[in-house]
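Q: The residues making up each chain are set out below.
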Amino acid sequence: MTKPVLPLKEVVIRFAGDSGDGMQLTGDRFTMDTASLGNDLSTLPNYPAEIRAPQGTLPGVSSFQLHFADHLIQTPGDAPDVLVAMNPAAMKANIKDLPRGATIIVDADEFTTRNLTKVGYATNPLEDGSLESYDVHAVPLTTLTVAALSGLPLSRKDAERSKNMFALGLLSWLYHRPTEATENFLKAKFSKKPDILEANLIAYRTGWNFGETTEGFAVSYEIAPAKMAPGLYRNITGNIALAHGLIAASQLSGLKLFLGSYPITPASDILHELSKHKKFGVITFQAEDEIAAVGSALGASYGGALGITSTSGPGVALKAEMIGLAVMLELPLIVIDVQRGGPSTGLPTKTEQADLLQAMFGRNGESPVAVIAPSTPSDCFTIALEAVRISTTYRVPVFILSDGYIANGSEPWKIPDIADLPDLHVEFAKTQEGFLPYLRDPQTLARPWAIPGTKGIEHRIGGVEKADKTGEISYDPANHDLMVRARAAKVAGIQVPNLEVDDPSDDAEVLLLGWGSTYGPIASAVNALRENGNKVAQAHLKYINPFPKNLGEVLRKYPKVIVPEMNLGQLAMLLRAEFLKDVIGYNVVRGLPFTTSEIVEATLEVLNA
Amino acid sequence: MPDLALTKKDFTSDQEVRWCPGCGDYSILSTMQSYLPELGVPRENIVFISGIGCSSRFPYYLNTFGMHSIHGRAPTIASGLAISRPDLTVFVITGDGDSLSIGGNHLIHALRRNVNLKILLFNNRIYGLTKGQYSPTSEKGKITKSTPMGSLDQPFNPISLAIGAEASFVARTVDSDRKHLTQTLRAASAHKGSALIEIYQNCPIFNDGAFDIVKDSDTKEAALLQMVHGQAIKSSTHGLIHAGASLKVVELGSVDESQLVIHDAHNPDPAYAFALSRVSASELDHVPVGIFRDVERDEYGSMVNQQIADVIAKQGAGDLASLLSTGDTWVVD
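In the order they appear, the protein sequences are chains U and S. Mind the numbering: the first sequence is residues 1 to 609 in our numbering, read in order. Mind the numbering: the second sequence is residues 1001 to 1333 in our numbering, read in order.
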């Protein structure tokens, strides 16, 4: 008997389990199989800061949400249509996010009195009727997995560990995902452990077959490929896109890539990824602390390399003085801040946009730097190229403000043709008579990049105020005023593209203006508002210092400008200060990205006011 | 050694030197300027990087590349430079406050990694540029502006600290002894890896005379225990003997000459050099000078660059197009 197949336009699935249950891996695999099928997609991993919180407890729950569709989408979805809960803790931690009617698939074996008590369930929700408004599938995942593996020489504990693959197989059947890529992935991952490989393959296939045969699932679903621009695609997270963008920039500029970094969540993956690619001549230096990380990057930059440091907010705080030195030395430097919840240690694994003012002003003295921000995971690639262009052209520190959401979230990325990438070639100062280390280029106001090893241009630089042109120590009042203004003018004059405004009717009353990772939820909300007949315009800032030249004009055009930010109004403060425009802040700081619906509601409130 | 026909004058910049009259830094600068022609490295390939403090003005006065950076962080900048530019000769100029207080962490990590840096630690046992507070090497009980009733801190022994970090080259010398300082610079330059040279340096304004006993002609011969590889360690009046795990200062003549410790700077066990470093602390009656330790250890930058060369030799140079299409890809028609 063949089961019926229903077409769907989009689905949001959340895999949730104990942090040791392999939910991130399960989610990753389902994502890859979904990507290869041609659906558009967006992901949101959400995991605890603790590596292994006590098993079966609420703090130990790790989840991975995937939104996939037959059309273009911008967010991982507000609420899951399907929750896969590997234990009662995963159920309890996630049930509040589920709309009525959602599908819940649980490992029934884990719903023991002990596990239920551990998370405060007085009765078993699978039996007490509290889940009546949901479509619940209580599957004994553990028992079925262990039974399927009974022929293998594995301990029960090892056999149980394959239950995530059983769940993956079941979901893959339910949504008609291809299986070949995951099988190949498992073969590569466990090539040296044939028993474990066998166990995972059997569990995966058994999960698939279980769906096919059990009466519990009456139908399966198909989601047609989305219409996307032709080309070669891969799925990519923000951190990987940044790392690959930096390698590309190193190749395009001919500059050696030097990353000085100190491990910190959620930025460490940039260090991990770059350290894999030594064959591109990449040097990764895991320093003794955040200060040494940026110091070594600045030292490498002084020597003519592409000096980069990657960190999160607390690391930026420590690096501040060295970034100030880079401002004074007028050398290229790239500072990647993958923002997380703050202040202090804050929420290390959660997202936030509250480092904007720190990046802009978190140093002593008048200390201008360029600040740019990627808007989606794949946009991190382009932003890396832009950071290198600005930093090497203007010899100035550039902040890249990414955040935990796009750093770990992923989306399909159309791989660019190398020939289409920009030329980032840079000239160093050459041997010459009467060399002046602080003589500015009339166009860019940049001083020469004069690297050691160049005969005849030996000179001394430092953090003490420099005399104009000669770069010698100067305490002269007029010179200081001149140099402060010159450094400010140089950053203000950085060439950045104009801000594009998406306003189909060209007469919207309200503009939604965001920056950084809020692009997806804002774009998604704008679509929803327009579908309901509302006129709204959208614009998204990637360049924050300097702002695009036409920003003032854009702000003046719209009577009402809403600025959604995952902070208490930091961009709004800059806009008010610079343009005297009373923008309307919409601010939420929960450590999670905006949902589409909350931005829709906030906009409707303004529209209907 | 290539004859570049350079002289002291070639290494002297046009900047007016602005240390206090009588400062020990003058003598160190002059010795360095005289030594550099002998180094045989073109001017443009020499870089001096300093932190903050009186000594950190040093780079301005040398006609090479130089950077006067921020407090305590010179080893970090110098590490990034030396690792990415193995063709350069990089000196770090620092003081006791700069390298042992605010920058202590960077100093020990540069030493443990064995980055190719020649670190000159000007130890005057005082904060000079901030006008006279006690430093991490000031003797306990020192009366200064910030310790009017005497300092309570146990001082660092910079040599012990460096050896504890397993530095591969550690030496001590005195600002006014040009010959000894030059010899020490020569040995440090010949060493592959980090070299730490502690230089006792007089601050005539805030800690004048701190090192008189090892500088005055009538006391220094007796106070300085000369360490020369392969020779007995002794001053004009005293020598060193083994005493259990430590070393002990004895009067010459009180023991047989054959019992005196024969210096082995290449001893791979840091315990020996550490014992030497403990012979003197704040008091300077018997101070070992010379090279405590000079052992071969892989230099960090070379290893970093070798690892890259090995990967390229094995896998070929990276190809950007294949990097960008890593992993599972799919085509949309």
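Because the hints were derived from the structure by calculation, they are not lab data. Just so you know, not all the hints are guaranteed correct.
What the hints assert, rightly or not - Straight-line C-alpha distance at most 27 Å; calculated DSS-like pairs for lysine-lysine:
1. 1314/S / 469/U
2. 1179/S / 469/U
3. 1314/S / 455/U
4. 92/U / 192/U
5. 1008/S / 256/U
6. 430/U / 1008/S
7. 278/U / 96/U
8. 535/U / 557/U
9. 535/U / 560/U
10. 279/U / 1192/S
11. 1192/S / 189/U
12. 1009/S / 278/U
13. 9/U / 227/U
14. 96/U / 189/U
15. 256/U / 1314/S
16. 1009/S / 189/U
17. 118/U / 9/U
18. 189/U / 92/U
19. 278/U / 187/U
20. 1314/S / 187/U
21. 1215/S / 192/U
22. 1314/S / 278/U
23. 9/U / 414/U
24. 1008/S / 276/U
25. 430/U / 1192/S
26. 227/U / 256/U
27. 279/U / 1314/S
Q: All hints, please: hold or fail.
A: Against the structure, the hints:
no.: 1; hint: 1314/S / 469/U; in the structure: 47 Å, violated
no.: 2; hint: 1179/S / 469/U; in the structure: 39 Å, violated
no.: 3; hint: 1314/S / 455/U; in the structure: 35 Å, violated
no.: 4; hint: 92/U / 192/U; in the structure: 38 Å, violated
no.: 5; hint: 1008/S / 256/U; in the structure: 34 Å, violated
no.: 6; hint: 430/U / 1008/S; in the structure: 25 Å, holds
no.: 7; hint: 278/U / 96/U; in the structure: 46 Å, violated
no.: 8; hint: 535/U / 557/U; in the structure: 14 Å, holds
no.: 9; hint: 535/U / 560/U; in the structure: 12 Å, holds
no.: 10; hint: 279/U / 1192/S; in the structure: 26 Å, holds
no.: 11; hint: 1192/S / 189/U; in the structure: 41 Å, violated
no.: 12; hint: 1009/S / 278/U; in the structure: 43 Å, violated
no.: 13; hint: 9/U / 227/U; in the structure: 12 Å, holds
no.: 14; hint: 96/U / 189/U; in the structure: 35 Å, violated
no.: 15; hint: 256/U / 1314/S; in the structure: 20 Å, holds
no.: 16; hint: 1009/S / 189/U; in the structure: 64 Å, violated
no.: 17; hint: 118/U / 9/U; in the structure: 38 Å, violated
no.: 18; hint: 189/U / 92/U; in the structure: 32 Å, violated
no.: 19; hint: 278/U / 187/U; in the structure: 26 Å, holds
no.: 20; hint: 1314/S / 187/U; in the structure: 25 Å, holds
no.: 21; hint: 1215/S / 192/U; in the structure: 67 Å, violated
no.: 22; hint: 1314/S / 278/U; in the structure: 11 Å, holds
no.: 23; hint: 9/U / 414/U; in the structure: 22 Å, holds
no.: 24; hint: 1008/S / 276/U; in the structure: 46 Å, violated
no.: 25; hint: 430/U / 1192/S; in the structure: 30 Å, violated
no.: 26; hint: 227/U / 256/U; in the structure: 39 Å, violated
no.: 27; hint: 279/U / 1314/S; in the structure: 9 Å, holds
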